[in-house]
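Sequences and hints are given; from them, build the entire structure.
Chains as they are written, first to last, in the working numbering: chain A, 1 to 293; chain B, 1 to 336.
These aren't lab readings, by the way, just hints derived from the structure by calculation. Remember, predicted model here, so these are calculated numbers, not experimental data. Think of the CB as a built atom: it goes at the ideal place given N, C-alpha and C, for glycine as much as any other residue. Errors might be hidden in some of the hints.
Claimed, not checked - Simulated restraints, written as ranges between beta carbons of each label pair:
(1) B:172 - A:174: 28 to 38 Å
(2) B:205 - A:35: 19 to 29 Å
(3) B:224 - A:71: 52 to 62 Å
(4) A:238 - B:18: 54 to 64 Å
(5) A:37 - B:136: 35 to 45 Å
What the hints assert, rightly or not - In silico contact screen, one side only, chain A against chain B (beta carbon under 7 Å); selected entries:
(6) 111
(7) 221
(8) 225
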Amino acid sequence: MLKRIHAVRRFALLALLGVSVIAQALVLRDDRQVEVTISKPPQRIVSLLPSLTETVCALGQCQKLVGVDRYSNWPENIAKLPRMGGGIDPNIESVVATKPDLVLMATSARGAERFSALGITVLALEPRSHADVQRVMRIMAQVLDVPVAESDRVWRHIDAAVNAAAQSIPAQAKGQRVYFEVSSAPYGASESSFIGETLQRLGARNILPASLGPFPKINPEFVVRAQPDIIMVGDSNFADMTTRPGWQSMRVMRTQRICHFKAEESDVLVRAGPRMAEAARLMAKCLTEKGQP
Amino acid sequence: MTIQGARWSPVWVALALLVLSAFGIVLGSAVGSTGFESWRTAMHDDTAWQIVWDIRLPRSVGACAAGALLGLAGALAQGLFRNPLADPYLLGSASGASLGVAVALALFGGSPFATEFLVRLGLTGAAFVGAVLAVLLTLVLARGVQHTLRLLLAGVIVGVVLGALASLITLMRPDVLQGMQGFLLGSTSFIGWTSCLLMLGVLLVCAALSFALSHVLDALSLGDATALSLGVPLASVRVALVCVLALATGTAVAQTGLVAFVGLAAPHLVRSLVKTKHNWMVLLSALMGGVLLLSADLLARMLLSPQEMPVGVLTAVLGGGYLLWLMYRTQTVRSA
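Written out as structure tokens, the structure reads:
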């Protein structure tokens with residue numbers, strides 16, 4: 001009886017998400033707006049996007065991965081999996097050779113048409129915001145035949161951890177104006193990016209308004225004029241920051257309120273996936289340590 | 001540029017290039033991330049068969065066809081403009097194709113209607129449309145094909161402006177950057193049988209047309225005035241040749257992205273082997289382009305196996321290296 005109620009509930013949930021269940025086959029519309037039919041839960045999955053690799057593992061289905069892209073590096077137990085190129089240059093042949101029943105990739109990746117033509121099911125998902133991470137996690141749960149309640153549990157866990165990170169920041173360190181640099185072009189993370197959303201929840205202010213789009217390319221002068229209180233940047237981009245004209249005289253540079261993250265920390269920060277809680281902790285630590293005295 | 005070297009009969013060179021292509025395609029069916037093994041087991045293993053028949057073969061044949069289209073277009077461009085530096089991308093088709101891809105990538109996922117439409121058109125379609133529109137724009141700006149210099153300048157201008165627009169789109173939408181980079185590097189790894197047949201069909205049409213019209217290129221090499229005085233219908237034939245050039249380049253670029261240097265190097269390599277009229281010249285350049293891109297594709301798969309190198313990098317190294325060696329050898333022979 002309980003089982004049946006559970007099933008009914010699950011069906012209602014699926015219907016709520018706009019997903020139809022026709023005789024066990026799962027039909028859903030992916031982020032390319034393509035209808036994907038998954039006839040039975042996949043057992044051999046190739047993931048070509050690090051955040052999707054992490055999502056599969058966060059749902060406890062790591063053992064179903066048979067190949068990943070060259071940038072996937074978490075969790076550690078995927079280290080031995082064969083690498084199949086990257087998002088823009090997936091190695092079609094090695095993917096086909098592993099006989100996957102599902103290939104996960106970003107919408108911006110290439111080769112989706114080729115995989116479909118070769119008879120491989122492709123699901124393109126690209127999480128871009130907090131809500132997206134939750135949505136993608138739910139979709140992945142259905143695809144992997146994990147109870148949606150489980151994905152909601154994982155999500156609540158992340159959500160609670162972000163809140164906890166926010167509470168760990170002392171009151172005087174809140175409301176600081178942050179510049180988060182994604183790459184040295186320079187591209188920054190604005191309020192509308194998932195990084196910006198995390199910052200907002202941590203009580204920080206972003207010098208880049210949402211109106212600029214999620215990851216705008218900005219004029220370096222904009223940062224000098226905005227005078228951020230804190231700069232967050234990856235180690236690899238930090239090097240040339242001090243040599244940018246006019247930047248040395250910025251208050252934030254003189255007071256050394258710059259957090260530079262190691263490469264593996266940057267990976268955590270820039271991936272919209274289950275490690276968002278860890279990202280929030282890293283940012284909270286930065287805000288607390290470099291915050292106003 | 002003329003390179004003095006050994007001169008062979010065009011028939012023998014054509015045969016040699018055909019044999020090389022065939023050999024390359026057979027080798028191409030055996031080389032890849034899973035190595036020769038797939039070839040041995042192909043008869044009784046479905047996946048191995050799929051890898052050999054549906055991935056490696058179309059890819060090898062496709063690389064050959066794309067290279068041939070570029071080589072043909074290169075020979076046409078150099079003949080039309082009487083300029084050894086002319087390459088197939090001269091009339092703005094390369095930047096047009098990149099702009100098409102950039103627009104498609106940027107609109108992708110924007111509105112459901114645009115996405116629906118783009119899924120049907122695909123990136124290859126967008127690239128082809130972009131390339132053809134760019135050449136048309138060049139023709140409009142040059143007010144026809146009568147003045148070679150004006151056409152050349154218009155092509156360069158269209159190339160720069162459309163290239164800048166494509167960069168602008170990637171700046172505003174950094175998420176398309178990855179996809180763009182893949183296109184700009186050029187890749188032969190996404191060619192399936194459909195694109196293969198399409199390229200071969202276009203190649204056949206283009207080769208036949210250029211072969212039929214090649215006597216005009218011979219006349220043109222003596223200069224516009226002489227060509228006219230020989231009674232050549234210069235205007236109409238030029239339009240036809242520009243169309244063939246645009247069609248060949250657009251088709252190749254749409255399927256493989258911007259593969260560098262094949263179109264420029266292939267005619268020069270042919271000229272170093274044979275001295276002939278344009279009818280043989282265009283055909284041999286096509287064959288040479290095919291062999292060049294095919295060998296680059298083979299090396300791209302072999303060198304870092306099971307990983308892959310971008311094929312565009314290798315075409316430049318292969319073709320450029322060989323040309324440099326030829327030039328160097330010719331100089332030392334002459335000074336000796």
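Hint check:
1. For the pair residue 172 (chain B) and residue 174 (chain A), the beta carbons lie near 33 Å from each other, so the given range of 28 to 38 Å is met.
2. In this structure the hint that residue 205 (chain B) and residue 35 (chain A) lie 19 to 29 Å apart at CB is violated, the actual value being about 36 Å.
3. Remark: the range hint 52 to 62 Å for residue 224 (chain B) to residue 71 (chain A) is upheld by a beta-carbon distance near 55 Å.
4. For residue 238 (chain A) and residue 18 (chain B), the hinted distance range of 54 to 64 Å is satisfied, since their beta carbons lie about 56 Å from each other.
5. Our hint of 35 to 45 Å for residue 37 (chain A) and residue 136 (chain B) holds, since their Cβ atoms are close to 41 Å apart.
6. For residue 111 (chain A), the interface hint holds, since its Cβ comes within 7 Å of a Cβ in chain B; the closest pair sits about 6 Å apart.
7. For residue 221 (chain A), the shortest C-beta to C-beta distance to chain B is roughly 16 Å, which exceeds 7 Å, and the interface hint is violated.
8. With 7 Å as the threshold, the beta carbon of residue 225 (chain A) stays out of range of chain B, its nearest partner Cβ sitting at about 20 Å, so the hint is violated.
This entry does not satisfy hints 2, 7, 8, going by the numbered hints stated previously.
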